Amino acid sequence: MKAASTMRVAMLVALLLGAAVWPARAADREALLTQPGVYGSFAAFQMDHDWWDLTGEARVIAVSEVKGLIEQFSQKIAIESYLLRGLSDHADFMLRVHAPALSDTQQFLTSLLGTRLGRHLVATSYLHGLTKQAVYAPGFPEQMKKALQPPANDAGAKSYAVVIPIRKDAEWWALDQDTRAALMQEHTQAALPYINTVKRKLYHSSGLDDFDFITYFETDKLDDFHSLIRALEQVKEYRHDRRFGHPTLLGTIRPLDDILELFAR
Amino acid sequence: MKAASTMRVAMLVALLLGAAVWPARAADREALLTQPGVYGSFAAFQMDHDWWDLTGEARVIAVSEVKGLIEQFSQKIAIESYLLRGLSDHADFMLRVHAPALSDTQQFLTSLLGTRLGRHLVATSYLHGLTKQAVYAPGFPEQMKKALQPPANDAGAKSYAVVIPIRKDAEWWALDQDTRAALMQEHTQAALPYINTVKRKLYHSSGLDDFDFITYFETDKLDDFHSLIRALEQVKEYRHDRRFGHPTLLGTIRPLDDILELFAR
Amino acid sequence: MKAASTMRVAMLVALLLGAAVWPARAADREALLTQPGVYGSFAAFQMDHDWWDLTGEARVIAVSEVKGLIEQFSQKIAIESYLLRGLSDHADFMLRVHAPALSDTQQFLTSLLGTRLGRHLVATSYLHGLTKQAVYAPGFPEQMKKALQPPANDAGAKSYAVVIPIRKDAEWWALDQDTRAALMQEHTQAALPYINTVKRKLYHSSGLDDFDFITYFETDKLDDFHSLIRALEQVKEYRHDRRFGHPTLLGTIRPLDDILELFAR
Amino acid sequence: MKAASTMRVAMLVALLLGAAVWPARAADREALLTQPGVYGSFAAFQMDHDWWDLTGEARVIAVSEVKGLIEQFSQKIAIESYLLRGLSDHADFMLRVHAPALSDTQQFLTSLLGTRLGRHLVATSYLHGLTKQAVYAPGFPEQMKKALQPPANDAGAKSYAVVIPIRKDAEWWALDQDTRAALMQEHTQAALPYINTVKRKLYHSSGLDDFDFITYFETDKLDDFHSLIRALEQVKEYRHDRRFGHPTLLGTIRPLDDILELFAR
Amino acid sequence: MKAASTMRVAMLVALLLGAAVWPARAADREALLTQPGVYGSFAAFQMDHDWWDLTGEARVIAVSEVKGLIEQFSQKIAIESYLLRGLSDHADFMLRVHAPALSDTQQFLTSLLGTRLGRHLVATSYLHGLTKQAVYAPGFPEQMKKALQPPANDAGAKSYAVVIPIRKDAEWWALDQDTRAALMQEHTQAALPYINTVKRKLYHSSGLDDFDFITYFETDKLDDFHSLIRALEQVKEYRHDRRFGHPTLLGTIRPLDDILELFAR
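Going down the list, the sequences are from chains A, B, C, D and E. Just add 145 to the spot in the first sequence (first one is 1) and you have the working numbering. Just add 145 to the spot in the second sequence (first one is 1) and you have the working numbering. Just add 145 to the spot in the third sequence (first one is 1) and you have the working numbering. Just add 145 to the spot in the fourth sequence (first one is 1) and you have the working numbering. Just add 145 to the spot in the fifth sequence (first one is 1) and you have the working numbering.
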């Protein structure tokens, strides 16, 4: 690429990506991210090698098409983005989509894959789950319930996100509700020391993919996250995890603009 | 693509796809979809990346060729279509084919793969099964039998479909018929609360692929479907599922015209 | 392709494929197909996508080269062909080769892969086994031996073929010969009702591939075949199958000319 | 390539690679390589086949771009390189990166993948772990602690490196700390005879990838390393390794310049 | 390719391959093939489809480059070649390399992959092991030791080679040395009947790849080899094989010239 062309591309990037205001409606978004009965999908993508054979300008235009699409869908669904490149095998970025219905998510992802950029994407993993009211927490001791309150000063953005899907063994589901509740109380107790530094969110996925749960974590302190997982491996409930990870998706939380810019350059 | 060319493609799409009347003979179709002794095949396909290097017009012509083929075969076999893109890994759409013989299904799928569009399809999963009279239901209590009647107001189309293939362990098959019947009665009892919102169909596949059963679900309420699977995981029969899913195929029920249009654009 | 060119291709197909006389020497062939001490190989192939970028004429010429090769080798080995396309994942057709030595089979398959068509083939599975005198049958009761005679009216060709490779667990091989013989008698008893409609052939493959046996089936009645497998899953010997299928190869028995024609068109 | 062009490439290689001074700051580097609380990442890459379609000059320029990038990042992170080609499947080289934070490692690897050379790299495995103070060693007998001191004459560079990731079973984590400590003392005792010839380093990876530990080895005597692994397989702690290797990465320790030169030629 | 060009290629093949004298120094080679403390590597390769797009002349030149390389390295390492094509999935040929150090093997394989032909090779499996003095044999009864002597008339070349890698379970390694010796004596007794027709060689690979052993077989009588494996499956030691094969590599022993000629044509 010649110098003049490079400058033109740089300007296009600035024009097309620079003014992104996203997402559109904070209130709906907040509801999607916090309410039960919402579908959460994790979609990891890899860019194929042909993408880089496009001219820089073609890439910039393709990226701006995706930008427009995201803005349009952000009226209805909440889309978050993660850079997996350099941390997770076979994936460059991941989208987390919260939507009132999976058909909305499908409409968005199908549109995304139909863009000029999308034709170069390979979808390497889709995981889907449903948010629910906490199942066991209502029976926990009051002190534990109190400890489980999210910290007041949780405003700051986290840096890292990890997704670990889990499949329980048949024994787990055969246990009666009280036994499971007791095991989950032990599990929760082990997690308490990390409540201030590791944010967790649980999705129920039985029937929607090959897992029973998707566990999602955000943290600034990866070593605390590691210690949390170690602590959870040591409680009895862990013996019932027939599959834990495979894949484990590790990435950094990034505005989609930053991620797309990597592919526009 | 220039504007004139785009319009021409749009017109071609309208002409070729707009007037679809499918399937041809409702009565035969009804028999295929409801009778025992029918072969059901699930074929999931992915479009390769080269497809998008064709011109828009070439794609429209290729799509219309498939349309013609489907109409022709709909005299003999029942073909239903599902959009998997954006919901299932490594698959764009799925066909469910009901036919009196698997050789009919093969003839259709071979013809499909031989079309201009078919040369760009990668077949990612084939599952085959046979419909049978209910094996255990005849021995169930009368009340349960009555509860198992499909609801009168089941006319409406469902939105989502899920395919979960299952392989039982050797212990299961070694149980005597009465024990299996008792376990299946417990299984069925757990499923009853969802009978009005989740439609189920069972295919027997031992020997036809690497599974023993293909379980097929249709629903408008994915959360009910998820709760149904959770309920089924908690009965004793679930302990005998050596493989459950892998793959789990999740998609939306869509007319083939809609799906093909996605690939013609 | 223009009309004139299409006609020329059609004529070439007629000339090159129309007059196939295959195989050459029925007597030797019969011996290969029925005697012990013969090597049976199952080779499943998939055509790559580049094949379809060749001109129709180039494809016809390439197909005729394969035809010649098959005729030449049919003096020494027995080659049978199956269409897997539309029924088995990741495979378009399968060859079953019976030869006095695996080096003969290798010479043939290497020659096949070296043809213009062969360069477009991807070999997706090779399974090899050895035919032997029946191991357990000599000790079976007379009545069972008599029942195991192939039916007199078995002249007709079958439509479907299924290949299921099997690996036994270590427990199986640790059983003494009498115990294994008793379990195989129970196995054989379960199979007897299907002796007239499902033809079976056994290959011993320990050491030649990752399996212990290759079980091969031919039938016109796929539902009987399915019932046979179900019956075999219910006997005690089945508990010793560490791997059963993976892959299960399902196809229709077809003259190679028919199969090649599909790829010449 | 003509002779003149070949010479020009050779000169470019000499100019661009010949004067490499790497890494920049030995002190920081030493801290990263020896302190607890550091993130270690293992990234194995394969060069795609298209790379070789570039001209020799284009390859040399692409390689020099990577050289510059490495020098720039060596201010902040420690990067070591290994040639896996010819020893490990599906990988040509591996980088071991020590960084204070995984986001630094990601920034480097993302930059690497964004270079002209990086666009031809396929990332085949990423493994991540955290260095910690020894967990069990403080409770070992004094004599063992003394034996565990690294030998005084360990200055020399080693030739081979092996990476073996490990996942423990749930039983392991359910053992109490004292039992685990006793088992690790037996493990350590078995390893003592090899302390002078095989250098070991442990990374804790639970939650960061699909493993619990990454074990890293350097040696000049591969037969001693093999004997060490054999000895470790014979202690009771080994029964708790649910996964051991898969992948096992074996290579030789090489300056990145040497490795890149292989790809510039 | 025109007739004149074809003739020219044929002449080039004759000139370049016809006069092969390989390997160079028989004495060193003999030591490498028979002494303990030698590294044996098994490298299986597949030719990519692009290879066949080269002109016949380019292929001949590329093949002759490999020929030269092999001659050069045969001073230091022993290289044997096997044709896997038509017998093993996903592999065209295999090299067995014996070298005093794995770094020599890597230097050779890296050079091979760097040739014009090598750029079209995909390395599908690398297995590495170390030869050792027999571990259990010294304690066997004298009669068995005598029976284990290789037959006097073993001069003749064998036709077939099979490679079966093995991973033992943790129980095996936890057995005491005497118990393992007794089990290996039973194993050896079962193998004795085949000592004249099946040549075996054992490589120890713990830590060097994902296996504990690589077992290598040569035979003219594949049915005897099959019977040997069957016999070995029936002894108690077999229960401790956690993985047996996967891959099983089956091929014919062929001079590299013959194999390369297949790819030059």
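Hints listed in this document are in silico derivations from the structure and should not be mistaken for laboratory results. Here the structure is a predicted model, which means the values were calculated and not measured. Among the clues, some could well be false.
No distinction is drawn between identical chains; accordingly, a pair holds when it is met within one copy or between any pair of copies.
[To be verified] Below, computed lysine-lysine pairings styled on DSS-like, alpha-carbon distance capped at 27 Å:
#	residue 1	residue 2
1	K366	K221
2	K221	K291
3	K290	K212
4	K277	K221
5	K221	K303
6	K313	K346
7	K221	K290
Taking the hints in turn, this is what the structure says about them:
| no. | hint | in the structure |
| --- | --- | --- |
| 1 | K366 with K221 | between (32 Å within a copy, 19 Å between copies) |
| 2 | K221 with K291 | neither (33 Å within a copy, 42 Å between copies) |
| 3 | K290 with K212 | neither (41 Å within a copy, 54 Å between copies) |
| 4 | K277 with K221 | within (20 Å within a copy, 44 Å between copies) |
| 5 | K221 with K303 | both (24 Å within a copy, 22 Å between copies) |
| 6 | K313 with K346 | both (17 Å within a copy, 25 Å between copies) |
| 7 | K221 with K290 | neither (33 Å within a copy, 43 Å between copies) |
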